[in-house]
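*Asks:* The residues making up each chain are set out below.
4 protein chains.
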Amino acid sequence: MQRIAMLGSGFIGRFYAESLQGQRSKDKIVSIYSRREDSAKKFAVDYGCEHWTTSMEEAVAHPNVDVVCIALPNNLHEAAVMLCCKHKKAVITTKPLGRNAAEAKRMLEAVEKAGIFNGYLEDLVYTPKFLKAFESVSKGAIGRILWAKSRETHPGPHSDWFWDIEQAGGGCILDLGCHCIEITRSFIGKDIKPVEVMCWADTQVKPIDAEDHAIGLVKYENGSIAQFEVSWTFRGGLDLRDEVMGTEGTIWMNNFLRTGFEMFTTGKGADYVAEKAESNTGWLFPVGDEMNELGYNHMFAEMFNSLEKGKPPKETFYDGYVVNAVLDAAYKSAKTKLWEPVMLDIWRGREGVGKHSHLTDYDPDHYLIKEEVTHYGARKVILKNKTTNKITEKVLE
Amino acid sequence: MQRIAMLGSGFIGRFYAESLQGQRSKDKIVSIYSRREDSAKKFAVDYGCEHWTTSMEEAVAHPNVDVVCIALPNNLHEAAVMLCCKHKKAVITTKPLGRNAAEAKRMLEAVEKAGIFNGYLEDLVYTPKFLKAFESVSKGAIGRILWAKSRETHPGPHSDWFWDIEQAGGGCILDLGCHCIEITRSFIGKDIKPVEVMCWADTQVKPIDAEDHAIGLVKYENGSIAQFEVSWTFRGGLDLRDEVMGTEGTIWMNNFLRTGFEMFTTGKGADYVAEKAESNTGWLFPVGDEMNELGYNHMFAEMFNSLEKGKPPKETFYDGYVVNAVLDAAYKSAKTKLWEPVMLDIWRGREGVGKHSHLTDYDPDHYLIKEEVTHYGARKVILKNKTTNKITEKVLE
Amino acid sequence: MQRIAMLGSGFIGRFYAESLQGQRSKDKIVSIYSRREDSAKKFAVDYGCEHWTTSMEEAVAHPNVDVVCIALPNNLHEAAVMLCCKHKKAVITTKPLGRNAAEAKRMLEAVEKAGIFNGYLEDLVYTPKFLKAFESVSKGAIGRILWAKSRETHPGPHSDWFWDIEQAGGGCILDLGCHCIEITRSFIGKDIKPVEVMCWADTQVKPIDAEDHAIGLVKYENGSIAQFEVSWTFRGGLDLRDEVMGTEGTIWMNNFLRTGFEMFTTGKGADYVAEKAESNTGWLFPVGDEMNELGYNHMFAEMFNSLEKGKPPKETFYDGYVVNAVLDAAYKSAKTKLWEPVMLDIWRGREGVGKHSHLTDYDPDHYLIKEEVTHYGARKVILKNKTTNKITEKVLE
Amino acid sequence: MQRIAMLGSGFIGRFYAESLQGQRSKDKIVSIYSRREDSAKKFAVDYGCEHWTTSMEEAVAHPNVDVVCIALPNNLHEAAVMLCCKHKKAVITTKPLGRNAAEAKRMLEAVEKAGIFNGYLEDLVYTPKFLKAFESVSKGAIGRILWAKSRETHPGPHSDWFWDIEQAGGGCILDLGCHCIEITRSFIGKDIKPVEVMCWADTQVKPIDAEDHAIGLVKYENGSIAQFEVSWTFRGGLDLRDEVMGTEGTIWMNNFLRTGFEMFTTGKGADYVAEKAESNTGWLFPVGDEMNELGYNHMFAEMFNSLEKGKPPKETFYDGYVVNAVLDAAYKSAKTKLWEPVMLDIWRGREGVGKHSHLTDYDPDHYLIKEEVTHYGARKVILKNKTTNKITEKVLE
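So the sequences go chain by chain: A, B, C and D. 1467 is the number that the working numbering gives the last residue of the first sequence; the numbers go up by one with no jumps. 1467 is the number that the working numbering gives the last residue of the second sequence; the numbers go up by one with no jumps. 1467 is the number that the working numbering gives the last residue of the third sequence; the numbers go up by one with no jumps. 1467 is the number that the working numbering gives the last residue of the fourth sequence; the numbers go up by one with no jumps.
No wet-lab data here; the hints were simulated from the structure. A portion of the hints provided could be inaccurate.
One copy or two, it doesn't matter: identical chains are merged, so the pair holds either way.
As the list claims (entries may be wrong) - 25 Å max Cα-Cα, derived BS3-like pairs, lysine-lysine:
#, residue 1, residue 2
1, K1175, K1112
2, K1338, K1260
3, K1096, K1384
4, K1289, K1402
5, K1096, K1381
6, K1381, K1159
7, K1289, K1405
8, K1289, K1260
9, K1098, K1158
10, K1098, K1440
11, K1405, K1263
12, K1202, K1384
13, K1183, K1156
14, K1098, K1379
15, K1263, K1209
16, K1379, K1159
17, K1096, K1159
18, K1440, K1456
19, K1338, K1464
20, K1338, K1440
21, K1402, K1260
22, K1175, K1464
23, K1405, K1425
24, K1263, K1464
25, K1158, K1112
26, K1379, K1158
27, K1263, K1407
If we strip away everything but chain A, and leave its shape as in the complex, we get:
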């Protein structure tokens, strides 16, 4: 059993609380910190917390607290982490880890120096679909990974601080891109180094300083490529789709808008207000169990199981730091219009991984380009002569 201090009583803090204390859980939020007293009190009542406070340190230091869960705006993560280091409390924090890699690196070094358990709450690599897809990919079901894409777009966040570049540290790249980067990096291999990033970003719709739409490409040392598509200007709900392509297959995941649940309502029967949906009449696509589908349940389980076994979780501050380094390169690229290198002072994966060969032998003299069954049922191969480079077709049988 884990006793938790929750820092932050807003949208994400409440989401976490639903997951942490949902169903038949043995874990418990014992202390809630909020900057606003009424919000702290309300949260304490709603989730049965024995202690509430408007002092962050008080919550962290509370003797009943085993683990601190940070659910605060991005600009407050570092201060909260430092308090956990001071009081030697296990810490888990919402995404992104920092507003940039420098912040993230300081947090990473601090928790490691303090020797405390640290978890990076990247829920989207814990969704049931991701976990199953990842298992298949790991077993080689789709072969060598060539490309992985993650898309997260919606009509913009709910809370005002997201729109303020000082508090948030950035726009939709930071807010949503952090998910996409870790999802695609996981498929390609977390031990494979991201080397450079090209990013387009623009403010197309919203009257803000930060970007509201961006597309990026991340090259990895082994020749794989990752792609992210993020936006706060998408109309139609929460679009959360991932794709992976390998030499032997492909995986498509639609995590939110098309999950096998479809509903039409004229709206005359009742005022049905669907969460995150943009309309409440016509065809709607609800999600059955949002908490589970978004990975919160599996994430907290893995975090606390790891903590109890004395081992690091799948996602640590180190991963958060790598993600921030990729994000930094993306922001730089959006300005310079160049492919920008990913600056990783700390790198714990493999070094010098070469690009995979694209030559498949057919026979001693030829490479195989393609093998297919023609529409008249014959097997055909397209070959390339190793010496002459000449390309020929050959029908077998």
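Please arrange chains B, C and D on chain A, whose structure you already have, making use of the hints.
*Replies:* Only chains B, C and D this time, still in chain A's reference frame:
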């Protein structure tokens, strides 16, 4: 926290165990009963049970046990329930409750006489999608319910006892129809009386005595109609789809084969063996978190929360009994080729509910048949004169 | 090239005209008959017809006319057909052929006696999806057919005469069921005799005398079963789905509401009025090329190609007659609540086809019930002893 | 009626022939040219051509020929076009127009100097789905266009010449990217200038000199962005998906792999060989009417209707030239790793279109960032002060 005795260590017992002890649960299986010693021992090791036995009564009577969970073939349910009554243990049992309504009624009367908590483990009315759909339907989002359909078909069960009519008590109607009947009954309203059943059943493919394919219609007192489609001869995986039609909308749910997770594999990369899938190459449609998608997690949570609050769960032995009564009528109808009445000695819902009127007033002289927007943008109504019955069109504006 | 007289200038007549003269067609509508002069004139202008008339016989008898296309309310089919017989003109008629089998039989006998080309315009067995599915089924891709289902539901027809039982001859069973019956009959085999029908029908929503919702089952001599689901009370658009199950596979077709075209609109950009859709904001599901998707193009091509080759088309008045006979049985069953025999005075298919055996030999002593790969990768068979009927499992390898 | 000379009797020539002479068409292929005599003869027999030849000029110059249709490898387009100019024959050519913009420009200038009808056979802007989507977009149904993406990937082309960089002129960018560029350009507006391109390309799998996988971004003068994803390494069939995002909505199109036709087959019933599919067992996703779904029918109809009306078709050599210019920039960018300008010597669209403002007034003092309905039903706005730039929330009512 609940301490559970599991009766049965087969496919469904293990599924239940995964759910009961999954994630960060506070509940625990303390005793396992199996007819075969090696199976009991293996289960005890796999799920960390402190006690195993080949005596059903020993498991039920074990002093550490609070709740007995029956995961046995259909012909053993009654004996197990009677032991729970004898030892005054809370009991929850897998579906169907009995092989027929007579058995179910005896069990219902026994648990009520014994005054013990009784839960009917109909997981498919606890799936996240069903719960959300049910909430919408309850709030009136699709209006008055006209029709509800549930389909469960697959290539046949895994264990041999299902195919033996004596142990199972029936074929796919009993095995799968029990789900469909409770799902559709829930949408129509559990207080509305099912009045008669028409059922077609046949043994089309399998060399067995029981039916391997059936389609049934169930009429309810308020004029709503329910439909079930069940089969052990479907090829393509587990087809689990529900639909509901109301006067103001419709809901479509695909619980297993199309949930937003699609994968193609040539099979050259690795031998991927997908559960319940019929192939391991080509396009595959895995389910992220089967346990959650099939309702086990939400079902056990509701059962134990109810137990702890001292109130009956959503699904009790009474519901299991009503389902068995509908199943009995279906079996009879399949033989007599007639609409057979549902024989309910015990009925706790509403009585004498009339059929809803199908007359909507348009004005004092007319009923409204239809209102639509024409392709040239005008509003058109089709009306029926109350006196003359003449049908006319009228373009408004 | 064919020169056509169109009888009827309403919704369906215009649909036919779009298809007949669409794209780069060599065929031409030369005469249009309508009961209302202004409607005939307008049609003539819109489709460039050289001749218009309010006399049905004048259109039929017109010397330039090769083929008469009947697009009239059901109660006028017979009179129109008789005129074609009188003037020896090839005739093609919209569905259903008659209001009942007696009418259909008279028309069938008349055209055959007159020796004229006769085509039954059942477009839904000419949709591109149906044609491809049918080809696969014919080649055995899904094995022996066990069950075929067709569903057509929508919020009710556009024209007033459909709602008047005298003109229409019935409700949604006649209007929509005729499609479903021919689709499923085609999959099962048009030479296999439909033997009996069970039908539930009700008027649940509309203030009309005819049924607005019905479900039916049709048994075929070879043990296959067909199912139809029809309604004028469905909310959400035009739901047109077919399914077929065979011993070796299954086919699912969604012909209208989910065809790979999805659109979300807030409605602020423009007033988009989608055809047949029930809303013009939110998620919409348009169909790319309705004319082609609904089979009109392929239907007229096959009709006229057959006519030019001097052979009967795939769908003749005989097929229309068989469909009417099944419909009659459905209407009777809805009243008697009994399985009603299909009365076919004229039957040109196979006679006395027995039910297919459901016994598959495994070895001399056993039947095979099921073969599967277990989750631990082994092959398992479930067998039934031919003498003792005992059911056992056997793990191979 | 048009009389056509077909140049090329390969895969695409035959596809065109099926469309040109399909259904009840009045058009006719009268002459077929192929480099190989046997191939020309076979084509002539299959499609009933009165004339065949191995001399390209003979086919073009044939007195019965009205229109020349070029279906040759990319390196032969220019020579064929010049013959059409010489003999003053209307010409339509397969995609891409040239191997590069220089070739394309020469062809464009030649046909215009010769004053002949010229059509660019970009079938994918003629698919029924595209046509309908384009109509909605044109009417403003999804607002101002922000982003358009087109994806075309498959396991590689059928004919050997595609794999030879000399004949083809490039790899998958040229082969598939030309489609994507014209699709996205059409959504954004063909009068809006494409200004620069960033492209990643690699040879990840095939032993060839050309790229087998590429991703590109194209910036337009008005601030809209287009994206293309192309590959010859995708496993799973032909993946043809387009998406468009506007300020008021979004459109998703799946043109091939998910069109509402789903089939499962064990493969035991029959050897079903699906076209372009990668497997013939398991779940398959056939397309009903490939010819129509891929736009061939609507394309030829529009081409010939325009020709007969004496007006240019929607897609002319000018469009082919613009596409080639964008492709050139993509190839250059893939090498230089820079955003490369699109070099358009000839530009007939609008000039100097500024970027659309992203500022929406809420009141005199504030811009509107977002308006939403909270989960408790209130309307909330997020605003930005025009002077202070401060971001605030305000709950209305």
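*Asks:* None of the hints should be skipped; say for each whether it holds.
*Replies:* Now the hints, each set against the structure:
1. K1175 <-> K1112: Close neither inside one copy (35 Å) nor across copies (47 Å); limit 25 Å.
2. K1338 <-> K1260: So K1338 and K1260 pass the 25 Å test across copies only (24 Å; inside, 51 Å).
3. K1096 <-> K1384: both (21 Å within a copy, 23 Å between copies)
4. K1289 <-> K1402: both (15 Å within a copy, 18 Å between copies)
5. K1096 <-> K1381: both (20 Å within a copy, 22 Å between copies)
6. K1381 <-> K1159: Answer is within; shortest intra-copy Cα gap is 15 Å, inter-copy 40 Å.
7. K1289 <-> K1405: Both: 18 Å inside a copy, 15 Å across copies.
8. K1289 <-> K1260: Result: close within a single copy only, 13 Å intra versus 32 Å inter.
9. K1098 <-> K1158: within (19 Å within a copy, 32 Å between copies)
10. K1098 <-> K1440: Classified as neither: same-chain Cα gap 57 Å, cross-chain 35 Å, threshold 25 Å.
11. K1405 <-> K1263: Close inside one copy (23 Å) and across copies (22 Å); limit 25 Å.
12. K1202 <-> K1384: Intra 15 Å, inter 31 Å, cutoff 25 Å: intra-copy only.
13. K1183 <-> K1156: Answer is within; shortest intra-copy Cα gap is 11 Å, inter-copy 60 Å.
14. K1098 <-> K1379: both (19 Å within a copy, 19 Å between copies)
15. K1263 <-> K1209: within (21 Å within a copy, 47 Å between copies)
16. K1379 <-> K1159: within (16 Å within a copy, 35 Å between copies)
17. K1096 <-> K1159: This pair counts as both: shortest intra-copy Cα distance 19 Å, inter-copy 24 Å.
18. K1440 <-> K1456: This pair counts as within: shortest intra-copy Cα distance 15 Å, inter-copy 50 Å.
19. K1338 <-> K1464: Answer is between; shortest inter-copy Cα gap is 22 Å, intra-copy 64 Å.
20. K1338 <-> K1440: Answer is between: at 15 Å across copies they meet the 25 Å cutoff, but 57 Å inside does not.
21. K1402 <-> K1260: The answer is within: 23 Å in one copy meets 25 Å, while 32 Å across copies does not.
22. K1175 <-> K1464: neither (57 Å within a copy, 37 Å between copies)
23. K1405 <-> K1425: Close across copies (17 Å), not inside one copy (29 Å); limit 25 Å.
24. K1263 <-> K1464: For K1263 and K1464, the Cα distance exceeds 25 Å both inside one copy (40 Å) and across copies (45 Å).
25. K1158 <-> K1112: neither (28 Å within a copy, 41 Å between copies)
26. K1379 <-> K1158: within (18 Å within a copy, 38 Å between copies)
27. K1263 <-> K1407: both (22 Å within a copy, 20 Å between copies)
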